[in-house]
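Each chain, written out:
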Amino acid sequence: MLNKRFMKIAAPLAVGALVLTGCGNDSGSADGTYKIAFQGPLSGENVQLGVNMENGIKLAIDEANASGDYEFKLEYFAADDMGLPDKATSAAQAALSEEVLAVVGPAFSGPADTAAEYYADEGVPAVSSSATRADLTTKGYGSFLRAVPNDSAQGAGMAKYLASEGAKSVVVVDDKTDYGVGLADVAIAELKKAGVKAQRQSTPQKTPDYSAAAKRVANTKADAMIYAGYYEDAGPFAKKLDEAGFDGIKMSGDGTNDAQFIKLAGGSADGWKLTCPCTDPNEEDATKAFAEKYEKEFKRAPGTYSAESYDVTKMIISEMAELDEINSDTLLKALKKTKYKGLTKEFSFDDKGEFRNQTVYMYEVNGKKIEYEGSIDDLTKG
Amino acid sequence: MSLNELWGYLVLGVVLGCLYAVIAIGYTLVYGVLQLLNFAHSEVFMFGGFGGVLALTAWTPVVNPSGMQSVLYVAFGMAAGAALGAAVAYGLEKVAYRPLRKHNAPRLVFLITAIGASFFLYNLAGKLFDRSSVAMPQMYSNETVFTLFDTDIKTTHLLIVFSAVAMMVGLDYVVNRTKLGSGIRAVAQDPEVASLMGVNIDKVVSRTFVIGGLLGGAAGFLFGVNSKVVYTMGFLPGITAFAAAVLGGIGNVRGAMLGGLLLGVVETMTVFFWGDDWRYVAGFAVLVLVLMFRPTGLLGERLGRTA
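Heads up: the protein sequence lines correspond to chains G and H, in order.
When we follow my numbering, the leftmost residue of the first sequence carries the number 1, and every step to the right adds one.
When we follow my numbering, the leftmost residue of the second sequence carries the number 1, and every step to the right adds one.
Calculated from the structure, these hints are not laboratory results.
Note that the coordinates shown come from a computational prediction; the quantities given were computed from them, not determined experimentally.
Possibly wrong hints are sitting among the right ones.
[Said to hold, decoys possible] Which bits of chain G does chain H cover? Going by a derived footprint, with three or more residues having C-beta under 8 Å, they are: (1) 37-47; (2) 85-98; (3) 241-248; (4) 347-358.
Backbone N, C-alpha and C fix where the C-beta goes; we use that ideal spot for every residue, glycine too.
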């Protein structure tokens with residue numbers, strides 16, 4: 001049998017290849033050049049969120065290389081997962097076979113859940129500046145660090161804000177993705193805790209026609225609606241909510257917080273409240289200089305998570321500079337203990353790799369712009 | 001649950017159903033003349049959406065168009081969508097299917113080619129348009145035109161229903177009353193005899209594809225107005241419209257219209273009663289149930305008696 005004979009030869013070869021690649025784990029490099037990867041959507045429907053982050057990372061790497069302050073050189077490696085869990089394995093393997101020192105990302109929660117295990121096996125630190133699903137840090141992925149408040153914080157922020165606005169009943173619509181369901185779960189739990197009536201509806205991502213789903217929301221006559229999903233679907237949904245005549249508060253999370261949302265929704269995005277664990281680099285004093293540099297380099301204003309990704313990359317670089325021997329293991333140990341003051345916030349992690357600072361910010365769509373309103377804690381104080 | 005509430009969903013179901021019906025016609029016409037399940041029709045539909053967006057973006061609509069300007073924009077966008085749809089369908093027939101007919105290829109090869117062409121067009125669009133979504137430029141403000149039993153009827157609803165009905169009536173006329181129509185029906189019934197009677201089969205087939213492409217492209221445009229345009233938009237409406245064509249009796253034009261309307265209403269009602277998770281479960285359950293008792297579909301296969 002040809003097949004059997006083929007297997008006899010192929011199997012040892014494959015095992016051998018695996019062993020060999022496994023050996024290449026120390027990710028050191030003779031000439032002092034290290035690779036930092038970004039895993040996230042660099043193509044596909046949510047590409048804009050990925051490009052926002054990629055640009056921030058590139059900026060940080062270019063600055064470090066140009067500064068001459070460091071004894072090592074850095075290279076950027078793009079691991080595109082299209083934001084999809086089923087593309088995450090190949091993206092992670094591509095990064096690992098390039099022997100990257102550290103990964104910024106994975107950007108989305110679903111792919112992070114898949115890829116974190118591969119990075120953990122190789123001991124490569126994976127620092128995500130945007131994967132916010134709450135349970136990612138409780139699954140024991142040893143090398144996964146989250147440099148962003150999680151969905152619990154975002155859901156809690158949404159609930160707090162709506163309660164302070166006097167909402168009595170809220171409909172939460174999830175998009176059936178890992179991110180959407182996670183965020184919706186937390187939001188509903190927190191709303192109930194705050195004494196607000198909450199009900200749930202699900203409309204799977206990529207539904208071709210949102211009119212019936214929107215009508216269902218409108219018919220509840222709820223005071224507010226939270227959409228837990230991404231801008232690709234929030235856009236058409238917003239249109240249909242308008243058409244169905246829903247007049248409560250409309251709110252969504254960081255997955256919708258992108259200028260593309262306004263484009264897809266036409267005029268219907270107006271007045272939407274968008275939460276985000278991210279600050280607006282164009283507004284805060286600390287990040288204004290960054291925003292200008294970014295705009296000069298990429299001919300556009302920084303987007304959601306651009307500044308955070310820049311910060312995370314700078315944090316990795318500054319920890320590398322402190323190390324006597326640079327490899328993934330030493331870097332991971334250093335990152336776990338870091339107390340890095342970035343432009344956007346201070347970065348430090350608890351023993352599970354969860355971010356210590358859990359501040360969430362509120363934005364509102366006004367005309368063609370997403371306007372920054374400030375942190376939810378400040379907004380709900382008065 | 002009140003009766004007025006139910007009526008509100010019925011309206012949405014009819015709007016969606018009209019779109020399905022127009023797409024379904026493309027499947028049914030081609031099946032009628034070639035006994036071919038043209039799976040690439042869903043991508044023809046998708047290209048129609050892009051045709052509309054590209055044309056309208058090139059000719060940037062003014063911010064608050066007057067009534068007349070709105071009509072013009074819509075007509076222009078729809079024409080562009082239909083034109084691109086027709087062009088893709090024409091090219092598809094020429095490049096993918098005609099050589100197979102020349103070689104008398106078996107039915108299965110046609111089917112595989114259809115699936116291959118569909119994948120090709122899908123990925124081509126993904127590449128051409130960066131795999132990202134685009135919104136149809138705003139051509140009119142979506143006001144409430146009138147309110148009937150508590151349900152606001154919006155401009156978009158009327159636009160979709162009126163254009164779809166106009167297309168369906170027009171097509172019905174073409175198929176049943178014109179020379180081209182009798183050619184299509186003749187080829188559908190018996191290609192050999194038709195060609196002996198002086199019908200140019202190649203021409204009829206090619207024109208059938210173009211008609212299907214025109215309708216599919218226009219539906220793509222309307223679909224884009226209703227939600228957004230993206231390279232993945234063809235798949236679900238395409239497969240649903242195909243089911244609609246089978247439901248009504250594949251090969252039967254009026255059957256496709258009926259099937260489309262029915263599936264649109266069933267889907268929307270399903271969302272109303274059980275939520276969006278069940279949308280396709282119920283739609284396709286209806287398909288299976290109907291075929292169990294009427295294997296030739298609701299109105300039977302009429303356009304062609306073969307198959």
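Results for each hint:
no., hint, in the structure
1, 37-47, "holds (count 4)"
2, 85-98, "violated (count 0)"
3, 241-248, "holds (count 3)"
4, 347-358, "violated (count 0)"
The structure is inconsistent with the numbered hints 2, 4, although it conforms to all the rest.
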